[in-house]
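K.L.:
Listed below are the residues making up each chain.
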Amino acid sequence: MIGGDPTATFRLEAQDLLVQIEEGLLDLSRRPGDRSLIDAVFRGLHTLKGSGAMFGFDALAAFTHHCESAFDKVRKGQAEASADLIAAVLAAQDHMRALAEGREASDAVGQALLERLHQAVEGGGGEPAEPAAPAAPAKSAWIVRFRLPPSALVNGARPLALLDELRELGECTVTALTDGVPPLADLVPTECHLAWEVRLKTEQPRSAIEDVFIFLIDDMTLSIEPELQADAQPQLAAEPAVEAKAEAPPPLAEAKAARVAETVRVPAERLDELMDRVGELVIAQSRLKQIATASTELNLRAVSEEIERLAAELRDTMLVVRMVPISQMFGRFRRLIHDLGRETGKAIEFVTEGESTELDKTVIERLADPLVHLIRNAADHGLEAPEDRVAAGKPETGRITLAARQAGGDVIITISDDGRGVNRARVRAKAEEAGLVAPGATLTDADLLQFIFHPGFSTAKAITSLSGRGVGMDVVKRTIESLRGSIEMTSEADRGSQIALRIPLTLAIIDGLLVRVAGDRYVIPLAAVEECVELSVEQDLRSTGRSLLTLRDRLVPFIRLRELFNTGTPPDPHQKVVVVSTGAERVGLVVDQILGDHQTVIKSLSAFHADVETFSGATILGDGGVALILDMAHLVAAGQHRDAQMRAAG
Amino acid sequence: MSQSMQSWQVLTFDLDGETFALEAGLVREVLDIAPETAVPGAAPFVGAVINFRGRIIPLADLRLAFGLSRGETTLNSRIVVIEYDLGGEPTLIGVRADKVHEVTVIEGAEAEEPPRVGLRWRSDFVRRLARRGGDLIVLPDLEQIFTTRGGASGAVVPLPQTA
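In order, the protein sequences belong to chains A and B.
Okay, so the first sequence: first residue is 9 according to my numbering, each after it adds one.
Okay, so the second sequence: first residue is 437 according to my numbering, each after it adds one.
The set of hints was computed from the structure by calculation and includes no laboratory data.
Be a bit skeptical, because a hint or two may be false.
Below are the SDA-like pairs computed for lysine to any residue, each with C-alpha atoms no more than 25 angstroms apart in a straight line [to be verified]:
#	chain 1	residue 1	chain 2	residue 2
1	A	K297	B	L572
2	A	K438	A	Q458
3	A	K209	A	R83
4	B	K535	B	L572
5	A	K209	A	T229
6	A	K354	A	G41
7	B	K535	A	E316
8	A	K402	A	K297
9	A	K209	A	K297
10	A	K402	A	K438
11	A	K297	B	T583
12	A	K354	B	A470
13	A	K584	A	T498
14	A	K297	B	R489
15	A	K81	A	K297
Chain A residues, not near chain B, derived (Cβ > 12 angstroms throughout) [said to hold, decoys possible]:
#	residue
16	D528
17	V620
18	F623
Glycine included, each C-beta is placed from N, C-alpha and C at the ideal position.
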């Protein structure tokens, strides 16, 4: 709270709280009645209200207060955590988010939400809540003593608000303890010198009293004792602060404090800067290596090797720092599924697998939109209405699975549903109608499914608010390709569809294979390389005109990079073929020489070269020269295209 | 009158015997010729990139925009690195020069609008022409040249098609 913009700090905190609340609510919808979840949601709301008021977000605090009260009823067993209630609180939570971010949020909307919430609570409470709630617990008397740190007032704590909250719990007698007040000459007017003793008679449990101090607990001294019959005179001066602290903190605050100590929030651009520096270091290091290798100076070589090792370690550490678990993003989709289920009237079970899989943070950010689209599609187009499902002999509840796993340098994310699958006939009709394919032409199943990724292609008969406008799948494909990833779809009639996204772990540095074509050097991402073979003279001759290579009884189309790049000089006598693949498709790239592997720091090309699709970027080599990085998706597509053309030509 | 009062501080350089000038405010550095890497498929006007202090920057050749011939690289050849706003993004761009002269001031009185006719070059590529001694100094219109990539028709070389 000290330093920085307190409002911004609050917003960050509020964001975290809202995420916690949302997760709690969604978990609760699956395990209604789970005490610890109900408590967690309640505490989240309570903290949000408290901090909101403290930072002057009064509208938020007031609104949250109502939600808190509603949830309090659930907590006390007076209402049930019904689906309606959870939906109502989720909706209310969006409103809170708007308020916390300072967006325009109309009071009318807030009122409507509260009305809905009210109904949900009353509706749930209509049936007698289990006899579990014992009628009016006996009042107990407590002595609460608390002392705030001297800086509390400067940091925005309001003792009066705390006292008011205690008063809400029950009958209070408040005494200010002035023993900490220094002589006037030493008094610093902005510091808090008072402590308070509150005698409280309440029906609430001890935890309710602790909740009042929930966001100050780390810094303050607090003691809560049952008032003894003897009414022994309390002596605050003798109260050891340490003991009070050990006694008081509720487990949540403790756990939270521990977590805060372990993680540091770092602005994303600082990480990016650091990554740039590491990239430059790696480049400088490879220059050093080149000099050292040419030198006979043993000491220089030793240092160079040492630096090479350190640079590699630093690079790996840096890459790990940028990795975040994908669970962050998966959490968001649970909410999406919840809303989709209500909108479409379909019962949807959402299963996630491999949440601990990690990906570069930039990649995760850019994946969110495409995944939202794919999940919407699965819910809207993929899954059938409940009655159709029953008729088809499937369970009424549809299932959407979102899974992530790491495979080498890639992460594979699959979205699958157990719905009706893609209707081939409809796709075909659509493709013919759009003139994408000649009527009656033979198409492989994979080719047919590819049309789904064509711009403006939608097979939905009716356009719904969710999807079906035909803008999307092509955008999804482009986004994935811009991440150097690939997308593949499989689908089985009545069994469901699966879309697999293959995404590289990081965008900044890749392992590359350095090759030479004429006088220039190029980098092929090593992850895409399957094998390197020599282009024999016979194959070279035989293949003129038909650029196909037989590799272990399979035909692989190949591209002569010399032709593609118009180098104009005669090729080297012994040409090599680098076989690359993205997913199932393979293509050979004919080069003059294979130079070896290279740690490639990817730099983007300027706007002048944005239209050159063959290259995804460039990198600086050890000798200061520049090598362009070949774009695999583009080259493989080009190779497949040529292959198809040649097959068509016979 | 007010127009003729305007003056430009410029860096002058030669290309194929003609004198050109770039606003000095844009210039970041003048480099000796560095090894360059061709970008196959790019517009010939920006057909290569160079390594400029760890950054990869495009190398533009104004000769192609003005239909001049590409001479031999000599000891005097230089690359003028300028920073220019390219589609909202400040971009470092290398500009080839056969020989770099000096930083000088062109007075408004010396400079004139390019004539619509009788000019060897596309008049929209020329911002101002200045006469000095018997010489002509060309202030190119970089905005126009850069957006049209030196007048090249989007020369993306397609994949070779087989018959």
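K.L.:
Evaluate each hint against the coordinates.
P.N.:
Verification of the supplied hints:
1. A:K297 to B:L572: Between K297 (chain A) and L572 (chain B) the Cα gap is close to 50 angstroms, so the pair fails against 25 angstroms, i.e. violated.
2. A:K438 to A:Q458: holds (13 angstroms)
3. A:K209 to A:R83: Judged against 25 angstroms, a Cα distance of about 21 angstroms means the pair holds.
4. B:K535 to B:L572: holds (16 angstroms)
5. A:K209 to A:T229: holds (21 angstroms)
6. A:K354 to A:G41: holds (24 angstroms)
7. B:K535 to A:E316: At roughly 41 angstroms apart (the allowed maximum being 25 angstroms), E316 (chain A) and K535 (chain B) break the hint.
8. A:K402 to A:K297: Distance of about 63 angstroms is beyond 25 angstroms: violated.
9. A:K209 to A:K297: violated (76 angstroms)
10. A:K402 to A:K438: violated (28 angstroms)
11. A:K297 to B:T583: violated (41 angstroms)
12. A:K354 to B:A470: violated (64 angstroms)
13. A:K584 to A:T498: Given pair K584 (chain A), T498 (chain A) is violated - Cα atoms ~34 angstroms apart, limit 25 angstroms.
14. A:K297 to B:R489: holds (18 angstroms)
15. A:K81 to A:K297: violated (69 angstroms)
16. D528: violated (6 angstroms)
17. V620: The claim breaks: V620 (chain A) does not keep its Cβ more than 12 angstroms from every Cβ of chain B (closest is about 5 angstroms).
18. F623: violated (7 angstroms)
When held up to the earlier numbered hints, the structure conflicts with 1, 7, 8, 9, 10, 11, 12, 13, 15, 16, 17, 18 and fits the remainder.
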